[in-house]
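Note that the protein sequences, when read in sequence, are chains A and H. This note's numbering puts the first sequence at residues 1 to 114. This note's numbering puts the second sequence at residues 1 to 116.
These are computed hints drawn from the structure, not numbers from a lab. Certain hints may be false.
Derived pair list, reagent style DSSO-like, types lysine-lysine, alpha-carbon separation capped at 30 Å [unchecked claim]:
#	chain 1	residue 1	chain 2	residue 2
1	A	Lys83	H	Lys42
2	A	Lys57	H	Lys115
3	A	Lys78	H	Lys42
4	A	Lys83	H	Lys69
These figures come from a predicted structure and were not determined experimentally.
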Amino acid sequence: EPEVTQTPSHQVTQMGQEVILRCVPISNHLYFYWYRQILGQKVEFLVSFYNNEISEKSEIFDDQFSVERPDGSNFTLKIRSTKLEDSAMYFCASSVQGSNQPQHFGDGTRLSIL
Amino acid sequence: AQSVTQLDSHVSVSEGTPVLLRCNYSSSYSPSLFWYVQHPNKGLQLLLKYTSAATLVKGINGFEAEFKKSETSFHLTKPSAHMSDAAEYFCVVSAQGRAAGNKLTFGGGTRVLVKP
Chain A
1 EPEVTQTPSH QVTQMGQEVI LRCVPISNHL YFYWYRQILG QKVEFLVSFY NNEISEKSEI
61 FDDQFSVERP DGSNFTLKIR STKLEDSAMY FCASSVQGSN QPQHFGDGTR LSIL
Chain H
1 AQSVTQLDSH VSVSEGTPVL LRCNYSSSYS PSLFWYVQHP NKGLQLLLKY TSAATLVKGI
61 NGFEAEFKKS ETSFHLTKPS AHMSDAAEYF CVVSAQGRAA GNKLTFGGGT RVLVKP
């Protein structure tokens, strides 16, 4: 069965540094998403992406965050200047189409900011 | 706006006994509802989905859930728990009827412990 893959599984970064989290969505999916889960808290929506542009973003997704689909397969989340509070598990997801379709999740990247 | 409340943060059952995980939702739109499971150090796996067809939804691994609009509930059940069911379970809502891909709103999760 096709899977969403995320790399790396664990990223350790110094505060203030830039980090890029990578995702390869399922190949025939058209919608892409990032979520995060801070330890002990709910999974939170960050951003959705369709047709090479952001379709929706949350209040969390401020100017330090950006997403990109640099080629036909990868979908990246960049955090420009990391803060301690960015430490979390980041999940990428993809879906064939919109809200009626389930989103398929990767195993996540655990981001630790020191 | 939409929200999800999972009424139990932890549930402990004995192997072979029924499992009930409770979920209530609110949504301004006609909702799609999902249950996902997360095993340790793994991603979120879809168990089942409700998208306005049959109100009783069957999923993988013997799980099922019933959509009750009058109670705004979507409880997850399994007749007989297995050791491999030990995991965290998330009730999730998404609004139908929007043109673009839609964000998921997660409940707080229920951690299931299965005792031998």
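Earlier hints that do not hold, by number: 2, 4
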